[in-house]
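All chains, full assembly: derive it from the sequences and hints.
Residue numbers (our numbering), protein chains in the order written: chain F, 1 to 315; chain D, 1 to 315.
Hints were generated in silico from the structure; no laboratory data involved. There could be a bad hint or two in this list.
Across the chosen pairs, the derived CB separations fall in these ranges [unchecked claim]:
| no. | chain 1 | residue 1 | chain 2 | residue 2 | range |
| --- | --- | --- | --- | --- | --- |
| 1 | F | His66 | D | Arg287 | 41 to 49 angstroms |
| 2 | F | Pro163 | D | Glu97 | 53 to 61 angstroms |
| 3 | F | His66 | D | Gly278 | 37 to 45 angstroms |
| 4 | F | Arg20 | D | Gly278 | 31 to 39 angstroms |
| 5 | F | Pro40 | D | Ala208 | 48 to 56 angstroms |
| 6 | D | His66 | F | Val43 | 46 to 54 angstroms |
| 7 | D | Ala142 | F | Arg20 | 48 to 56 angstroms |
| 8 | D | Glu97 | F | Asp53 | 55 to 63 angstroms |
| 9 | D | Gly213 | F | Asp284 | 38 to 46 angstroms |
Which stretches of chain F does chain D cover? Using the computed rule of at least three CB atoms under 8 angstroms from a CB of chain D, they are [to be verified]:
| no. | segment |
| --- | --- |
| 10 | 198–211 |
| 11 | 223–236 |
Heads up, the beta-carbon is just placed ideally off N, CA and C, and yes, glycines get one too.
Protein chains: 2
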Amino acid sequence: MSALELGLPMPVPAPGLPARVRIHEVGARDGLQNEKATVPTEVKAEFIHRLADAGLTTVEATSFVHPKWVPQLADAERLFPLVAELPVALPVLVPNERGLDRALALGATRVAVFASATESFAKANLNRTVDEALAMFEPVVARAKAEGAAQVRGYLSMCFGDPWEGPVPASQVVRVCKALLDMGCDELSLGDTIGVATPGQVSALLTALGEAGVPTEALAVHFHDTYGQALANTLAALQYGVTIVDASAGGLGGCPYAKSATGNLATEDLVWMLHGLGIDTGVDLGRLVATSEWMAGRLGRPSPSRTVRALSHKE
Amino acid sequence: MSALELGLPMPVPAPGLPARVRIHEVGARDGLQNEKATVPTEVKAEFIHRLADAGLTTVEATSFVHPKWVPQLADAERLFPLVAELPVALPVLVPNERGLDRALALGATRVAVFASATESFAKANLNRTVDEALAMFEPVVARAKAEGAAQVRGYLSMCFGDPWEGPVPASQVVRVCKALLDMGCDELSLGDTIGVATPGQVSALLTALGEAGVPTEALAVHFHDTYGQALANTLAALQYGVTIVDASAGGLGGCPYAKSATGNLATEDLVWMLHGLGIDTGVDLGRLVATSEWMAGRLGRPSPSRTVRALSHKE
Numbered sequence: 001m002s003a004l005e006l007g008l009p010m011p012v013p014a015p016g017l018p019a020r021v022r023i024h025e026v027g028a029r030d031g032l033q034n035e036k037a038t039v040p041t042e043v044k045a046e047f048i049h050r051l052a053d054a055g056l057t058t059v060e061a062t063s064f065v066h067p068k069w070v071p072q073l074a075d076a077e078r079l080f081p082l083v084a085e086l087p088v089a090l091p092v093l094v095p096n097e098r099g100l101d102r103a104l105a106l107g108a109t110r111v112a113v114f115a116s117a118t119e120s121f122a123k124a125n126l127n128r129t130v131d132e133a134l135a136m137f138e139p140v141v142a143r144a145k146a147e148g149a150a151q152v153r154g155y156l157s158m159c160f161g162d163p164w165e166g167p168v169p170a171s172q173v174v175r176v177c178k179a180l181l182d183m184g185c186d187e188l189s190l191g192d193t194i195g196v197a198t199p200g201q202v203s204a205l206l207t208a209l210g211e212a213g214v215p216t217e218a219l220a221v222h223f224h225d226t227y228g229q230a231l232a233n234t235l236a237a238l239q240y241g242v243t244i245v246d247a248s249a250g251g252l253g254g255c256p257y258a259k260s261a262t263g264n265l266a267t268e269d270l271v272w273m274l275h276g277l278g279i280d281t282g283v284d285l286g287r288l289v290a291t292s293e294w295m296a297g298r299l300g301r302p303s304p305s306r307t308v309r310a311l312s313h314k315e
Numbered sequence: 001m002s003a004l005e006l007g008l009p010m011p012v013p014a015p016g017l018p019a020r021v022r023i024h025e026v027g028a029r030d031g032l033q034n035e036k037a038t039v040p041t042e043v044k045a046e047f048i049h050r051l052a053d054a055g056l057t058t059v060e061a062t063s064f065v066h067p068k069w070v071p072q073l074a075d076a077e078r079l080f081p082l083v084a085e086l087p088v089a090l091p092v093l094v095p096n097e098r099g100l101d102r103a104l105a106l107g108a109t110r111v112a113v114f115a116s117a118t119e120s121f122a123k124a125n126l127n128r129t130v131d132e133a134l135a136m137f138e139p140v141v142a143r144a145k146a147e148g149a150a151q152v153r154g155y156l157s158m159c160f161g162d163p164w165e166g167p168v169p170a171s172q173v174v175r176v177c178k179a180l181l182d183m184g185c186d187e188l189s190l191g192d193t194i195g196v197a198t199p200g201q202v203s204a205l206l207t208a209l210g211e212a213g214v215p216t217e218a219l220a221v222h223f224h225d226t227y228g229q230a231l232a233n234t235l236a237a238l239q240y241g242v243t244i245v246d247a248s249a250g251g252l253g254g255c256p257y258a259k260s261a262t263g264n265l266a267t268e269d270l271v272w273m274l275h276g277l278g279i280d281t282g283v284d285l286g287r288l289v290a291t292s293e294w295m296a297g298r299l300g301r302p303s304p305s306r307t308v309r310a311l312s313h314k315e
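Structural data, given as structure tokens:
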């Protein structure tokens with residue numbers, strides 16, 4: 001049987017792209033925190049087990065934000081021990097020192113903080129200025145490192161456009177990136193939270209970060225498919241040399257039928273492109289699609305991932 | 001107001017891309033011929049008028065294939081006169097000499113033939129071998145040129161993967177392309193009919209065509225979004241120098257909820273990327289989205305275009 005009959009793309013490498021990409025799977029955290037339905041803890045645990053079994057090596061597990069803000073993930077204490085023994089990286093979101101305490105108490109060794117490139121979103125999401133938020137993260141990052149965290153990731157939202165402020169100047173993103181690196185973050189995830197970016201803007205931001213001395217190997221990209229641009233933007237990032245890409249299994253978290261669509265890039269659509277480009281991810285696409293179909297059944301709605309739909313339709 | 005508030009992308013050019021792209025709009029033909037519902041002739045005419053009014057300069061109008069094969073477009077004789085006076089290019093599909101006669105009798109000046117890169121699809125779609133199909137098109141193209149047709153386009157389907165044959169060798173596509181050019185086609189549209197291609201394969205095919213002496217300015221790309229790859233593939237084609245891109249308003253013709261999903265690239269998603277890259281198309285995105293919303297209402301289902309959905313959700 002040919003690859004196509006097996007539901008796999010045909011690998012034709014393009015020059016200048018990385019040989020391997022690490023996918024940072026965010027479905028269980030970023031995905032489920034944006035779903036209306038609260039998913040039972042055991043289903044979340046099975047989801048994470050299945051994602052690891054499909055070959056994903058980094059599976060963001062949950063968030064230790066106050067349950068008042070994200071009730072969907074209020075079960076973090078119960079969930080984390082159910083997945084902690086998996087042989088994959090299991091980063092968790094920690095919004096502040098209290099969240100870090102909770103994560104460390106459970107043995108989490110990879111944590112992430114969630115910063116904003118714009119004042120408007122820092123205010124809306126964190127009720128702080130950008131600098132006040134950075135000041136809040138400083139002791140979180142320092143203590144995580146002091147306690148031996150294997151990695152601290154800094155999310156940076158609104159890196160391209162902001163619904164209140166419009167286009168976001170690259171210089172603003174560079175400043176916050178450098179502050180996060182200076183305080184000890186190992187990895188930065190550049191988020192196009194509202195999905196408006198296009199490939200030229202991606203290249204321009206990456207170039208500005210490179211010129212400012214930010215090492216490309218510390219950068220992840222986090223694109224949303226709100227306007228269908230996520231994969232084209234990912235290609236531009238790969239062409240620049242980025243090797244870490246965030247994605248959400250089945251496109252979870254971005255229900256395209258709702259006004260609140262956030263449109264996470266579907267991991268399956270990403271894997272189709274990467275494997276088509278001959279780029280190694282370690283992911284078994286068939287298993288991943290089966291996982292997203294299973295989760296879609298639990299959520300009672302079809303996956304918005306085009307690859308999931310195409311492969312689910314196979315006889 | 002910023003561009004974003006107006007529902008427009010922020011233009012940030014990328015080096016090495018064309019300054020202008022001509023969109024070959026296929027919604028009224030390729031789109032509607034794949035819709036289950038038969039759309040009234042007056043609605044089709046209004047659709048084409050609206051597309052022209054939105055700034056599209058090439059609007060494929062209909063097909064003069066036998067009504068038995070495509071009943072959705074059986075009204076070609078009634079439709080064409082309703083749009084013929086529009087100040088845009090209005091190519092029509094002609095499958096054979098009989099179709100050409102019908103098109104010429106109505107004053108059509110741009111025609112297209114529909115070839116296949118693979119034997120399996122030639123057999124399935126045309127009940128001929130690839131060479132028998134080419135032989136059938138030869139007098140069509142010759143007579144169209146002799147009668148003063150301003151342009152003859154050759155569609156080429158299954159240029160990347162074929163559901164029966166798997167990956168399609170570039171040499172096979174090159175051979176059919178050269179045959180179509182040799183018989184007088186002015187423009188070739190390279191179709192990824194089942195949507196499986198990825199950017200490396202696109203670059204490889206374009207390179208092979210260039211090396212075989214096919215002029216890039218004669219090439220259009222026609223990607224399907226079945227696996228979500230259409231825009232990334234388009235970016236690869238633009239980087240190679242292609243300046244003609246096929247797309248379907250609102251993603252018409254590829255209902256993503258049906259097993260028969262063909263997944264035409266939505267013109268709006270394409271325009272978002274092109275305008276974001278600072279590439280001129282002449283299209284008014286707001287008018288185009290309004291047109292696709294209007295047509296979605298006529299078809300009784302939402303547009304699968306992510307950009308249409310995102311902008312329709314604006315208050």
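Structure-based check of all given hints:
1. A hinted range of 41 to 49 angstroms for the beta carbons of histidine 66 of chain F and arginine 287 of chain D is consistent with their spacing of about 45 angstroms.
2. Judged by the Cβ atoms, the range 53 to 61 angstroms given for proline 163 of chain F and glutamate 97 of chain D holds: they are separated by roughly 56 angstroms.
3. A hinted range of 37 to 45 angstroms for the beta carbons of histidine 66 of chain F and glycine 278 of chain D is consistent with their spacing of about 43 angstroms.
4. Arginine 20 of chain F and glycine 278 of chain D have their C-beta atoms about 32 angstroms apart, which keeps the hinted 31 to 39 angstroms range intact.
5. Distance hint check for proline 40 of chain F and alanine 208 of chain D: the Cβ-Cβ separation is about 53 angstroms, which falls inside the suggested range of 48 to 56 angstroms.
6. A hinted range of 46 to 54 angstroms for the beta carbons of histidine 66 of chain D and valine 43 of chain F is consistent with their spacing of about 53 angstroms.
7. Separated by about 52 angstroms at the C-beta atoms, alanine 142 of chain D and arginine 20 of chain F satisfy the suggested range of 48 to 56 angstroms.
8. Between glutamate 97 of chain D and aspartate 53 of chain F the beta carbon distance is about 58 angstroms. The supplied range of 55 to 63 angstroms therefore holds.
9. At about 42 angstroms, the beta-carbon gap between glycine 213 of chain D and aspartate 284 of chain F stays in the expected band of 38 to 46 angstroms.
10. Evaluation of the coverage hint for the segment 198–211 of chain F: fulfilled, as 6 residues show C-beta separations to chain D shorter than 8 angstroms, against a requirement of three.
11. For the segment 223–236 of chain F, the stated coverage by chain D holds: 10 residues have a C-beta nearer than 8 angstroms to a C-beta of that chain, and at least 3 were required.
The structure is consistent with each of the numbered hints, conforming to all of them.
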